[in-house]
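Chain by chain, the residues run as shown.
2 protein chains.
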Amino acid sequence: MSDLTELASQLRFVLVRTSHPGNIGSAARAMRTMGFTGMTLVAPHRFPHDEASALAAGADDVLENAALHAGLVDGLAGTSLALGLSARRRGVDLEELSPREGVARALAAMARGEKVALVFGNERTGLENEELARCHAMIRIPSVDDFSSLNLSQAVQVMAYEMRIAMLGDQAPAAPVRADAEPPADAAQMERFYEHLAQTLDDIDFHKGRAPTTIMLRLRKLFQRAQMDERELRMLHGIFADAQRMASIARGKSGEQ
Amino acid sequence: MSDLTELASQLRFVLVRTSHPGNIGSAARAMRTMGFTGMTLVAPHRFPHDEASALAAGADDVLENAALHAGLVDGLAGTSLALGLSARRRGVDLEELSPREGVARALAAMARGEKVALVFGNERTGLENEELARCHAMIRIPSVDDFSSLNLSQAVQVMAYEMRIAMLGDQAPAAPVRADAEPPADAAQMERFYEHLAQTLDDIDFHKGRAPTTIMLRLRKLFQRAQMDERELRMLHGIFADAQRMASIARGKSGEQ
Chain X
1 MSDLTELASQ LRFVLVRTSH PGNIGSAARA MRTMGFTGMT LVAPHRFPHD
51 EASALAAGAD DVLENAALHA GLVDGLAGTS LALGLSARRR GVDLEELSPR
101 EGVARALAAM ARGEKVALVF GNERTGLENE ELARCHAMIR IPSVDDFSSL
151 NLSQAVQVMA YEMRIAMLGD QAPAAPVRAD AEPPADAAQM ERFYEHLAQT
201 LDDIDFHKGR APTTIMLRLR KLFQRAQMDE RELRMLHGIF ADAQRMASIA
251 RGKSGEQ
Chain V
1 MSDLTELASQ LRFVLVRTSH PGNIGSAARA MRTMGFTGMT LVAPHRFPHD
51 EASALAAGAD DVLENAALHA GLVDGLAGTS LALGLSARRR GVDLEELSPR
101 EGVARALAAM ARGEKVALVF GNERTGLENE ELARCHAMIR IPSVDDFSSL
151 NLSQAVQVMA YEMRIAMLGD QAPAAPVRAD AEPPADAAQM ERFYEHLAQT
201 LDDIDFHKGR APTTIMLRLR KLFQRAQMDE RELRMLHGIF ADAQRMASIA
251 RGKSGEQ
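Chains as they are written, first to last, in the working numbering: chain X, 1 to 257; chain V, 1 to 257.
If you are wondering where the hints come from, they were derived from the structure by calculation, not from laboratory data.
Glycine included, each C-beta is placed from N, C-alpha and C at the ideal position.
Wrong hints could be hidden among the right ones.
Claimed, not checked - Computed from the model, here is a short list of chain V residues facing chain X with C-beta under 10 Å: (1) Leu-7; (2) Ser-26; (3) Arg-32; (4) Leu-68; (5) Val-73; (6) Glu-162; (7) Phe-193; (8) Tyr-194; (9) Thr-200; (10) Lys-208; (11) Pro-212; (12) Leu-219; (13) Ala-250.
Said to hold, decoys possible - Here chain X is said to cover these stretches of chain V; the calculated rule only asks that three of the stretch's residues, wherever they fall, bring their Cβ under 8 Å from a Cβ of chain X: (14) 11-20; (15) 33-40; (16) 47-61; (17) 222-234.
Generate the whole structure from the sequences, applying the supplied hints.
What follows is the structure in structure tokens.
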């Protein structure tokens, strides 16, 4: 996990000419949820600002440690790969990557010990061509054509999420083991369960001339699918036993008539 | 593209007990950027609201067409698969999926023509256990342990993005349609099923002082997992009816004693 933290520290989220301080705060929170803390602010319109702090929702450390620069060239100092987020295809003839392709490229550089920047433009105007020209490739989040503009912090969230997924990669957590997990029912227990179920159906006079085989096959299919554990089996055995008890009393009653 | 729109219309984003109207607006925008328009609001604290409209940033159609319901059961009516977003592992032991696994499962159901719900809880408290019990599995966005809470609309954005990527990925999902397939039970049918089951357990005197709530939650979990179709529901209703009939005769008998 400290390896992940180390790796994560090589990535910077660079926000350029951000208009709304609230978006800076939301972006900090979005980064922080995915384990990233390196934020660079290039010529933000208003910062620091109460709205930024409010929307950071506890990710204050990200804001406090944010690097502030007047221009993008300074903001990218120390990074060897800069990927610019862009909603639209531009006149700039930069290679266009999907988020996943961009993240793979970023991660490869980070694995070599390089510092990487993801660059996000102004909310309304995006990245200027001159800013994109400072980037090595651009990443387009595949939004729909008729409503293509993600909120800035949403774009940050998508990229931070994709980056974390890629970093977790194959060290993906194995199936979560529940401490309270009940053992799954084995085949022999399932057979006893089906026998009890079949007997119960007989006792409550469910079949009424229908083929018990078809019904039992359908019930088997259903309960096999559910992959029950032992506690669930005990519960159902208990229910069957009560239904049988009622049937037995009822049968006594019918017998009297 | 119209195929994608058609497919997208089978997915609903269900927001439960949302506190901040601004988050509803941001969620609408997030959905809309990825081509989704089906929003369901369950007991929102304030809606409609100016802040929701402001933050929708042009996705007003999503808000205008949002379905409003007082409870989650109604909110899920018509859907056959409900996946609940949950930040934490809970005492509820529902299957836990990654966003990508959840999206794959959702898309498979949608390709069969089914309606699917992604369910998002209250900003502060998330989904209650009873709400999660209405879901077939839960999805955990893999945030870091020490800062795990995504803003609501950010979680919506991540899921909408993953869903769109998956939809773009397998443009032509070969829907494994079985000729003999029965329609899957929808949420309202499942509720009637659970009511009948609960009544039957009462009638056969199953509880004997034990808490019916715990038992019913366990049974819900079991049967939700099985994702039953309508024919299976009819079969189980028939079994319950016969058990009730026996109990009723038996009760007549006991009354005589």
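Hint by hint, here is what the structure shows:
no.	hint	result
1	Leu-7	violated (13 Å)
2	Ser-26	holds (7 Å)
3	Arg-32	holds (5 Å)
4	Leu-68	violated (23 Å)
5	Val-73	violated (21 Å)
6	Glu-162	holds (9 Å)
7	Phe-193	violated (12 Å)
8	Tyr-194	violated (14 Å)
9	Thr-200	holds (8 Å)
10	Lys-208	holds (9 Å)
11	Pro-212	violated (12 Å)
12	Leu-219	holds (7 Å)
13	Ala-250	holds (4 Å)
14	11-20	violated (count 0)
15	33-40	holds (count 3)
16	47-61	holds (count 3)
17	222-234	holds (count 8)
Against the hints set out earlier in the document, violations occur for numbers 1, 4, 5, 7, 8, 11 and 14.
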